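Start from the sequences, fold in the hints, and give me the full structure.
What follows is the residue order along each chain.
There are 2 protein chains.
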Amino acid sequence: MSEEVLKYLKENQDNLLEKLSQFLTIRSISTDSVHIEDIAQAANFVVDYLKDIGFQSVQLHETTGHPIVYGEWLGAENGPTVLLYGHYDVQPADPIELWDSEPFTPEIRNERIYARGSSDDKGQVFMHLAVFEAYMKTIKELPINVKICVEGEEEIGSSNLYEVLKEKKELYNADFVVISDSGMVESGQPTILYGLKGFTGLEVSVTGPNRDLHSGLYGGAAKNPAMALSHMIASLKNNDEVVTVPGFYDNAEELSAEERQLMNESPGEDYTKTIGIIEETPEKGFTAKEHTMARPTLEINGFYSGYSGEGIKTIIPSTATAKISCRLVPGQDPDRVQKLIATHLEKVAPVGVNVKVNRFPLSGKAYKMDPNHPLLKIAAKSLYNGFGKEAVFVRLGGSIPVVEMIDRIFKIPVILLGFGTPEDNLHSPNESFPLESFYKGMKVLVSYWDEVAKYNS
Amino acid sequence: MSEEVLKYLKENQDNLLEKLSQFLTIRSISTDSVHIEDIAQAANFVVDYLKDIGFQSVQLHETTGHPIVYGEWLGAENGPTVLLYGHYDVQPADPIELWDSEPFTPEIRNERIYARGSSDDKGQVFMHLAVFEAYMKTIKELPINVKICVEGEEEIGSSNLYEVLKEKKELYNADFVVISDSGMVESGQPTILYGLKGFTGLEVSVTGPNRDLHSGLYGGAAKNPAMALSHMIASLKNNDEVVTVPGFYDNAEELSAEERQLMNESPGEDYTKTIGIIEETPEKGFTAKEHTMARPTLEINGFYSGYSGEGIKTIIPSTATAKISCRLVPGQDPDRVQKLIATHLEKVAPVGVNVKVNRFPLSGKAYKMDPNHPLLKIAAKSLYNGFGKEAVFVRLGGSIPVVEMIDRIFKIPVILLGFGTPEDNLHSPNESFPLESFYKGMKVLVSYWDEVAKYNS
Chain A
40 MSEEVLKYLK ENQDNLLEKL SQFLTIRSIS TDSVHIEDIA QAANFVVDYL KDIGFQSVQL
100 HETTGHPIVY GEWLGAENGP TVLLYGHYDV QPADPIELWD SEPFTPEIRN ERIYARGSSD
160 DKGQVFMHLA VFEAYMKTIK ELPINVKICV EGEEEIGSSN LYEVLKEKKE LYNADFVVIS
220 DSGMVESGQP TILYGLKGFT GLEVSVTGPN RDLHSGLYGG AAKNPAMALS HMIASLKNND
280 EVVTVPGFYD NAEELSAEER QLMNESPGED YTKTIGIIEE TPEKGFTAKE HTMARPTLEI
340 NGFYSGYSGE GIKTIIPSTA TAKISCRLVP GQDPDRVQKL IATHLEKVAP VGVNVKVNRF
400 PLSGKAYKMD PNHPLLKIAA KSLYNGFGKE AVFVRLGGSI PVVEMIDRIF KIPVILLGFG
460 TPEDNLHSPN ESFPLESFYK GMKVLVSYWD EVAKYNS
Chain B
40 MSEEVLKYLK ENQDNLLEKL SQFLTIRSIS TDSVHIEDIA QAANFVVDYL KDIGFQSVQL
100 HETTGHPIVY GEWLGAENGP TVLLYGHYDV QPADPIELWD SEPFTPEIRN ERIYARGSSD
160 DKGQVFMHLA VFEAYMKTIK ELPINVKICV EGEEEIGSSN LYEVLKEKKE LYNADFVVIS
220 DSGMVESGQP TILYGLKGFT GLEVSVTGPN RDLHSGLYGG AAKNPAMALS HMIASLKNND
280 EVVTVPGFYD NAEELSAEER QLMNESPGED YTKTIGIIEE TPEKGFTAKE HTMARPTLEI
340 NGFYSGYSGE GIKTIIPSTA TAKISCRLVP GQDPDRVQKL IATHLEKVAP VGVNVKVNRF
400 PLSGKAYKMD PNHPLLKIAA KSLYNGFGKE AVFVRLGGSI PVVEMIDRIF KIPVILLGFG
460 TPEDNLHSPN ESFPLESFYK GMKVLVSYWD EVAKYNS
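Heads up: the sequence lines are chains A and B, in that order. Numbered per my numbering, the first sequence spans residues 40 to 496. Numbered per my numbering, the second sequence spans residues 40 to 496.
Each hint can be trusted.
Treat identical chains as interchangeable: a pair holds within one or across any two.
Simulated crosslink set (DMTMM-like; lysine to aspartate or glutamate; CA at most 20 Å straight-line):
1. Lys312 <-> Asp251
2. Lys208 <-> Glu101
3. Lys479 <-> Glu462
4. Lys46 <-> Glu475
5. Lys176 <-> Glu111
6. Lys352 <-> Glu242
7. Lys395 <-> Glu318
8. Lys395 <-> Glu349
9. Lys407 <-> Glu329
10. Lys352 <-> Asp71
11. Lys49 <-> Glu150
12. Lys49 <-> Glu475
13. Lys386 <-> Asp279
In short, the hints are calculated from the structure, not lab data. All of these numbers come straight from a predicted model, not from anything done at the bench.
Structural data, given as structure tokens:
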């Protein structure tokens, strides 16, 4: 039956691209309240689209921030139900002068569509809507039951999503979730992303004297906060990239030989070219692929103290501050890790300075599915059908807080079916999305829904 | 004979203060070329004053920057010759809004004269000129031979002084030097400053990836420059405040028991009050007075890397930079110490990052006189005569590059006879100079010249 659907998609290729362009012209930047009307317009674009193609109960769930679009089509008797998550808000376009075309005037060039949100995430949300349109306009039904959740605050931390999903848990509940808000390891290489890291972050400030001091008059009397903090930071991780905070690795899930093989076989970057480093420096005993994808990390995101201008200013700085964040693997509890680091920092602080640790509230557990899960096997097959190439299975060193949130509330599988590429410039000037991903990705989705219709959780 | 001189000073107290005020109204800020006329005016104020009271060969030694005032009175047959150094330039007055009275409109309040330059150094230069005036107007001669060197670039590094003194070495040469451009350990406590520290500084930059990276995507592949630099910096000094750079203490002059006693007996600050620290943290085995005055120090003046805004930004910074400077004691060679630190930093740098060390050219050796030197004994006696209180003998953790420069060129004793107080706000808003220092200090100078006339080097 999918032949008709695929035919519709092919015949309407230009119309769909035109309709996507309309979606992309809306300046739905969630960070800035000046765009409140644009946000409403983008939400209504999704509402109207869903209504047009026959979704029911289409509604806006208002929040103290931006509304969440809900819609459902539940006509697949005995079929499984999928919750489809995406977001209609986008990042700001600054610095605008670095764009080669207007960020909100979509332009096709180099076989890509250039516009803010083209990849993250309007383009990928639109692909789903277009595929549903194709089913409804041809065979008048979907192979599965679908619930839609498209929010408008992903770029500002999804701060109201949790409450709405908790409160309307029954409404949003499903057998599994599909999210298309991620990417492939390289352009044209279909990718199954089956794991994400957790996250925790904190800030440590060391204060010595009540003002910057003359180093000649006070050097030898006052502890130097920048030196004190250097010692404290150095005590967090050794030069083998092993975190030396006691208890940090407790309960961290070990990497199986099978997973290590999957990771090491996946295509990787040549880091000396892509990021210009001299050599990879993974944790001792692991490859860079293993460490980035599936071993915990601890990074200093910022360190600032004293004078940063030209030349020298002979002061003992009054304060020194560092920002620290960790990417965690399954088994590690973010709050516990955060506390271990805070306690360790306070313990190793030298005498003569005050130490204040600010534990950032934003945190999340790692997410991981069994790479052999049937829903992923179906995804891999569908990706092959769309791209004509075997999918690779990877985990991501990054975190997608929404995944962890949905996992926590519904405890159902979350399938990440992302079509972005490393060249998409997410959050940067000249964001774009490859037309190949747009067209082939829709073929993947048709294949997936057709196959998944037989899935029985 | 000094009675007449002292009487003259007393009777002309108000006139002299009025004349000092004229000097202080001149905006001779050396940093800013807009003040080029004011600089000339201040230099000429000194020239005219010297001529008025009978100095000979009064002239401006032009430089590529601001001129140096030279003058001499060499009528003391068989008497020693002193080179008197000072400067007529001042620091900028910014931030002007923090001044309680106009910085270039001197105002007397709280028994102090408030104006930019009142303490550093116009006030102290003026005291010398006024004392010479008193001699010349009363007994028509000075007890010693005097050469004057008052420069206009002290606040911008005395960059042309060295060349002029080298070139005109014979002209400026003397038996010893007197500089009144420093202070007393506390208001009303006469102080013999018999040692200064040397100085050297450098900057180390660590570069990893060619841009800030997403910590989720690249954590585990790329060495974190902020972490790398923290390890490197921590390897420079331990928490006992002992510098751990190999060879750092080589040849550093040991502190004698006598000197330690002198230092520990000198009045000191209660650091918990003055700079708000929890406790003193001197080098293990030394007191804070000993360490600040006479043990080498190594301080981090600045450390900056990555994100310093609110909250967290999950990046691996591309670079990290630290500024490091040392205060050195006699026996330590600044260039050698600088090189030792640079070599050490390069050696301890972890793999995966590039390290670049920038060795700042500005450096200087420590300066120290034997505290039992007769010229200092005479100074101590004169201070007692002026202030009615025994002088304390201290060394200063700071550096006065001019002292090292003069020492290097002439290899003659440099006597630091300073009358400033810790409350003078040098380089800050509301600079002032106590009238007590002004009047009693002039008594000290009269006593000093009278006594020193008998000195035979």
